[in-house]
Every structure is written in C-alpha cells, then in structure tokens.
Amino acid sequence: MFQNFDTVNDKTRGPARLAALRGELASQGLDGFLIPREDAHQGEYVPASDCRLEWLTGFSGSAGVAAVVGDSAAIFVDGRYTIQVREQVDLDVFKYRHLHEQPLVEWLSGVLKPGMKLGYDPMLHTVAQVRKLTDACHEAGAHLVAVQDNPVDVVWQDRPAAPLGAVNLHPLEYAGEPAADKISRIGKLISDKKAEAAVLTQPDSIAWLFNIRGSDVEHTPLPLSFAVVPAEGKPELFIDGRKLSNQVRDALSELTEISEPSALIPALEVLGAARKSVLVDCSLAGQALYDAIVSKGGSVVEGGEPVLLPKAIKNLAEIEGARNAHIRDGVAYAKFLSWFEKTAPLGELTEVSAAQKLEEFRRETGLLKDISFDTISGVGEHGAICHYRVSYDSNLPIKLNSIYLIDSGAQYEDGTTDITRTLAVGAVTEEQCRNFTLVLKSHIALATARFPVGTCGAQLDTLARIELWKAGLDFDHGTGHGVGSYLGVHEGPARIAKNNNQVKLEPGMILSNEPGYYKDGEYGIRIENLELVTPAQDIDGGDRPMLGFQSLTLAPIDLRLVDQSLLTKAELQWLNAYHQRVFDTLNPLLDAETSAWLKEATRQI
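My numbering puts the first residue of the sequence shown at 1413, with every later residue one more than the last.
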C-alpha cells in the first residue's frame, strides 16, 4: 500500500538481459526492437508485469524508451531524468540520449540499414508514434514490423503476474454524478464527433465514467481495463472478471456489458465489419486497436478521447471533496513540518525515515487510502534530481546546514493531494536563499495570474519562469499538471508547460503550480501547491470574463529561506495572506504544540 524503499534495480543485469533479447530477436527474424516504458493503456501508471523498460535497462522513471538495433542500443529519457538514468542504467550497454533533443527517430535514421526489420509491439505504441516510426524506417529503407509475441516477454523468465486488484464502487457523494448520466453525456460527445462509438484505453477515464476504483497499480486506484462506448446504447467494459465481486458485477451490469480483455480486439473487428465509424485518440490508443477496426472495413474518426476533458472539470462534489482532502492533508503536513523542524537538527533523520514519518502522520487521519506517488525525499545533491526515488541503498542522512526537498501526496476517497516543500536544516547560504526566493516569486506569479477565458496553460508557463530567466536559471520539467479526483495525481488533458498544449483552462480544473531550480550535485528547490481554476472575482472594471487560481494546498512556505529584499510589496502581501489562510484554516484542528509551531511558521513578515 505504501512506499517500498528497497533497491529499485541492479544495473549489472543489463548485459545478460540484452544478450537474451538479441537472441530472441534473431529467432524471430528481427534486426531490432523498441521497448517503451508504457503498457497497453499508454499511461504513466504501469504494473510490475509491464515494466519491460525497467526490467531490461534498470531505468525506473515514468517516461522513456529503449531501442536495440543490431549491435547498437540506446535509452531515451527527458530532462527530468538526466541524472537518474546515469545512476540506474549501464551506459556502456545502453547509450543515453535526450528524448527531445536527440529524438528516437533521428537515432534510428543513423543506425537502420536498408532491408532491416525493426520490430514493435502494436499494443504498446500509439498510432501517432507508429506513424513517425514508419516514416523513419521508410527513409532508411528499413521495415517496421508489428510482432505478435513481444520478445521481451519471451525472455523475461520471472515476469510478475498481471494484477488482479479488486474493483470498488465509488460513492456518489464523492463522484457527484451518476455513472448512467456520465455515459449519456459522453455518448452525446461521441455523436458530436460524427462517430458511432469510441474506444477508451485510459483506466482513469474508465474509472471516472463508471464510478469505479481499483488497485491494479501502485498508489493510484485504477482498474486496468478498456471500454467501447457507443453514441447510443450500452457500453462494453473489458476487464478481468476476477476483479469483480458479485455486488460490483451486478451494479456494473446495469450500466454496461462486461467482457474479458481478450475480447477487445474481436469486438473492434466486429465494429469494423459492420462498417462503423469509431472515435480513436491516436495519441493514446495502441496501433493494434486502430488496425482491428480498419482491417475489417470500419472507419476511424481521429480525435481526443471524449472522457478526458469532462473528467478534468471537477463538479461541485469533487471540488468540495478536494477542499476537504487538502484540509485533512494540511493538518497531517503541519504535524510533519513541526516534527521535522524539531528533529532534523539532531542529526538522526534520513531521507527514508522522514518520508516514513510523513506517511505516518497521514495514516493517523484514519482516511488515507494510499500515498499518491512514491515520495521524493531528497537532501542536498539528491534534491537536485527532479524525480529522485529514495531507496535504502541511496538513503542519505539529513545533515545540518543543508536544504531538504520533499514532494509527496495522498489518496483520500474524496480527493488527491500533491505538495512539495523545500526546508532549511540549520544554516543556509545566501545563494540558496536567493534562488529559493526566485522560485517563490515564480510560484506567486502563477498563483496570482488573471487570464481571459480561453487561455491555455502554455500561455501561462512563462509567468512561472520569467524571474528565473532574468537570473539565467530555468527548470527542465513542466510547471503544472492536472490532478484527478481520487484518481491519477497526473491527469490530462490540460497542463502548464513550455510545450504547445492547446487545451483551454476551465473552471473546475485542478492543476499543480510547481516551479523549481536544481543545482546539479548540490541542492534542489521546488514549491508546489495545487490550484483550482475559478472565475476571477477580484478584478475591477474590464470587459472580458477572466479566470484565476485558488490555492487548495495548505502548508507553510519556509520563511527561513526567503530573502525579503527580493519580494515586491504585492508578493509579500500574497505570502502573508496565504500564511494567514493556512493558519486560520488548520489551527482549530491542531494540538497545542503544533498550533504554536504553526503560528510561528506562518508569522507575518
């Protein structure tokens, strides 16, 4: 249920596993093969049975792909993992490439030779990906070949069994809308796209649509499944029946037909044979699903998965749940921060013990279902690794005169939380205070943004970077991601990032606000709150409807790291007002000792 701090991988096993894979490729008549991090659902949350990239290379990050072609092998990860990939992967075996600066297709053009056969698993690569790969192979005179038996699975002798997490019904008091009403609403959206049905591949979309939750992956209540939803009529849910109790099966049977996952491809072929038009999100659906439809004569309507946007716009019950979850989480976090400030200077804490203590405070609420992701608990140089995963082997002591970064979250039945705080342990340097304050200014700039209806996250991203840019600094991750309602801590389709995401921000969306700065080998800084998009209420005059953010997260920002001389009057007012709200909201719920600590931590400056 909670975080496992055991060693993530052993890079020494990479050469033997790669050799075994190459042997299997030869037996299948392939010259190369692609190993993505994703499973058939193309999601961030992958069960152990589908962690093929980690098994082969040792890399445990949430995004990446490996390619093996002839005598060449490479792993591609983005800027979040440039340090992690060096620590986890034998780079004498797999050459490291930056996923965006040195894309896979460019690498393939240099290693593929005419006549070569590059294999891929069509369930694990999206339609959009396969199109790019096909072009790259064509330019090299090579052939992209869909394989039926994944070569990694063939040589993975101790592969874990697929998960069978029990499915639960999500109470209407938290869901806020009956599943039947959601199905009807999504059916109308499908019809509006001029399609007769849609394929859903995202387990969180399916969980939201049918008001169910599961436990097939770590820290996220997802039931791994697929669904086909018609514009009119009863959907079909493809899920392992062993996950369903009689009560859950009976409730779902009133909403949907229930079939085994193995029936998905045949069902799509039936739709194809009936010449149906099927909505497919080509950025999410595996190539095999697309092929099943068109190979039998059906047509594909290419468009966004219809559940993504409705799911992201929280209803009143979900918003109320999020507020309650953050208050509850804020109480636990205040207790943790109070404990940490007293305990850390004694020199007895480690990255692991601090993370465990935070989980303990959250469990004391009596309502914690799980943490929402593996806690990033990094002191000093480990704080500079954006998505550092602490293990007993990497565990560092939290020493005096350092700064400590902890990024964590919780899953409650009424809401999902995600918060990062950077904390001073003893004396801190002038440079650290300066850079912390620049990150704080960036955070405040986004938190206080007012923007016209129709604005997308990419248009706001610069607000959270401009103060850092002025100082010649930046960070290599997105500024904000969507967050689900007792679902994924990372949720689309909206985000705040440099990339050109055109999804408009709408009232009811919950996104993170998490600018940072990371000095390689020394320390990391990040300040993260979750923000609710709301109509702006504090604008005088003007002739356009505006939106803004309301911070849901309730936790002090470490004033020991703030250089007040760098804050404008407005920024100082925001910080004081935020701290006053934190104190006023949490204080009545705290014990006397934590209350006294919180009063000092949220003092006006």
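What the hints contain is simulated information worked out from the structure, not anything from laboratory work.
Treat the hints with care, as some may be off.
Here are the simulated DSS-like pairs of lysine-lysine, each with C-alpha atoms no more than 25 Å apart in a straight line [unchecked claim]:
{"hint": "1", "residue 1": "K1754", "residue 2": "K1606"}
{"hint": "2", "residue 1": "K1646", "residue 2": "K1605"}
{"hint": "3", "residue 1": "K1754", "residue 2": "K1708"}
{"hint": "4", "residue 1": "K1853", "residue 2": "K2011"}
{"hint": "5", "residue 1": "K1931", "residue 2": "K1811"}
{"hint": "6", "residue 1": "K1525", "residue 2": "K1544"}
{"hint": "7", "residue 1": "K1507", "residue 2": "K1544"}
{"hint": "8", "residue 1": "K1606", "residue 2": "K1910"}
{"hint": "9", "residue 1": "K1600", "residue 2": "K1688"}
{"hint": "10", "residue 1": "K1769", "residue 2": "K1781"}
{"hint": "11", "residue 1": "K1811", "residue 2": "K1781"}
{"hint": "12", "residue 1": "K1931", "residue 2": "K1853"}
{"hint": "13", "residue 1": "K1605", "residue 2": "K1507"}
{"hint": "14", "residue 1": "K1605", "residue 2": "K1916"}
{"hint": "15", "residue 1": "K1594", "residue 2": "K1910"}
{"hint": "16", "residue 1": "K1882", "residue 2": "K1853"}
{"hint": "17", "residue 1": "K1910", "residue 2": "K1931"}
{"hint": "18", "residue 1": "K1646", "residue 2": "K1594"}
{"hint": "19", "residue 1": "K1605", "residue 2": "K1529"}
{"hint": "20", "residue 1": "K1605", "residue 2": "K1594"}
{"hint": "21", "residue 1": "K1981", "residue 2": "K1882"}
{"hint": "22", "residue 1": "K1646", "residue 2": "K1708"}
{"hint": "23", "residue 1": "K1708", "residue 2": "K1544"}
{"hint": "24", "residue 1": "K1646", "residue 2": "K1688"}
{"hint": "25", "residue 1": "K1544", "residue 2": "K1529"}
{"hint": "26", "residue 1": "K1507", "residue 2": "K1606"}
{"hint": "27", "residue 1": "K1529", "residue 2": "K1507"}
{"hint": "28", "residue 1": "K1507", "residue 2": "K1525"}
{"hint": "29", "residue 1": "K1910", "residue 2": "K1853"}
{"hint": "30", "residue 1": "K1606", "residue 2": "K1594"}
{"hint": "31", "residue 1": "K1754", "residue 2": "K1769"}
{"hint": "32", "residue 1": "K1600", "residue 2": "K1525"}
{"hint": "33", "residue 1": "K1529", "residue 2": "K1594"}
Results of checking the hints against the structure:
Between K1754 and K1606 the CA atoms are separated by roughly 62 Å; this puts the pair beyond 25 Å, and the hint is violated. At roughly 18 Å between alpha-carbon atoms, K1646 and K1605 fall within 25 Å of each other, so this suggested pair holds. Proximity of K1754 to K1708 is assessed by CA-CA distance (about 67 Å); at most 25 Å being required, the pair is judged violated. Between K1853 and K2011, the direct Cα distance comes to roughly 23 Å. Compliance with the 25 Å bound is thereby established for this hinted pair.
As the CA atoms of K1931 and K1811 are separated by approximately 18 Å, the hinted pair is consistent with the 25 Å bound. Simply put, K1525 and K1544 have alpha-carbon atoms about 17 Å apart, close enough for the 25 Å limit, and the pair holds. Restraint check for K1507 and K1544: satisfied, since their Cα atoms lie roughly 22 Å apart, inside the 25 Å limit. Pair hint K1606 plus K1910 does not hold up; C-alpha atoms about 32 Å apart against a cutoff of 25 Å.
Annotation: proposed proximity of K1600 to K1688 holds, straight-line Cα distance about 16 Å (limit 25 Å). Taking the CA atoms of K1769 and K1781, the gap is near 16 Å; set against the 25 Å cutoff, the hint holds. The suggested pairing of K1811 with K1781 is violated, with an alpha-carbon distance near 32 Å, which exceeds 25 Å. At most 25 Å may separate the alpha-carbon atoms for a hinted pair to count; K1931 and K1853 meet this at roughly 18 Å.
In summary, the hint linking K1605 to K1507 is not supported, as the alpha carbons are separated by about 43 Å, beyond the 25 Å threshold. Simply put, K1605 and K1916 have alpha-carbon atoms about 19 Å apart, close enough for the 25 Å limit, and the pair holds. Pair hint K1594 plus K1910 does not hold up; C-alpha atoms about 32 Å apart against a cutoff of 25 Å. Of the supplied pair hints, the one linking K1882 and K1853 holds, its CA atoms being roughly 12 Å apart against a limit of 25 Å.
Distance hint between K1910 and K1931 is fulfilled; the C-alpha atoms sit about 21 Å from each other, no more than 25 Å. Pair hint K1646 plus K1594 holds up; C-alpha atoms about 12 Å apart against a cutoff of 25 Å. The straight-line distance between the Cα atoms of K1605 and K1529 is roughly 37 Å, outside the 25 Å bound, and the hint therefore fails. A hinted pair counts as satisfied when its Cα atoms are at most 25 Å apart, and K1605 with K1594 qualifies at roughly 17 Å.
At roughly 19 Å between alpha-carbon atoms, K1981 and K1882 fall within 25 Å of each other, so this suggested pair holds. For the given pair, K1646 sits about 22 Å from K1708 by alpha-carbon distance, which is consistent with the 25 Å threshold. The suggested pairing of K1708 with K1544 holds, with an alpha-carbon distance near 24 Å, which does not exceed 25 Å. Between K1646 and K1688, the direct Cα distance comes to roughly 16 Å. Compliance with the 25 Å bound is thereby established for this hinted pair.
The straight-line distance between the Cα atoms of K1544 and K1529 is roughly 16 Å, inside the 25 Å bound, and the hint therefore holds. Between K1507 and K1606 the alpha-carbon distance is near 46 Å, which puts this suggested pair outside the 25 Å criterion. Of the supplied pair hints, the one linking K1529 and K1507 holds, its CA atoms being roughly 21 Å apart against a limit of 25 Å. Distance hint between K1507 and K1525 is fulfilled; the C-alpha atoms sit about 19 Å from each other, no more than 25 Å.
For a cut-off of 25 Å, the pair hint linking K1910 to K1853 stands: about 18 Å separates their Cα positions. For the hint linking K1606 to K1594, the alpha-carbon distance of about 19 Å falls within 25 Å, and the restraint holds. Using a Cα cut-off of 25 Å, the hinted pair K1754 and K1769 holds, with the two alpha carbons roughly 13 Å apart. Taken as a hint, the K1600 and K1525 pair is broken in the structure, with Cα atoms around 48 Å apart against an allowance of 25 Å.
The hinted pair formed by K1529 and K1594 fails the criterion: a straight-line CA distance of about 45 Å is larger than 25 Å.
The structure shown violates the earlier hints numbered 1, 3, 8, 11, 13, 15, 19, 26, 32 and 33.
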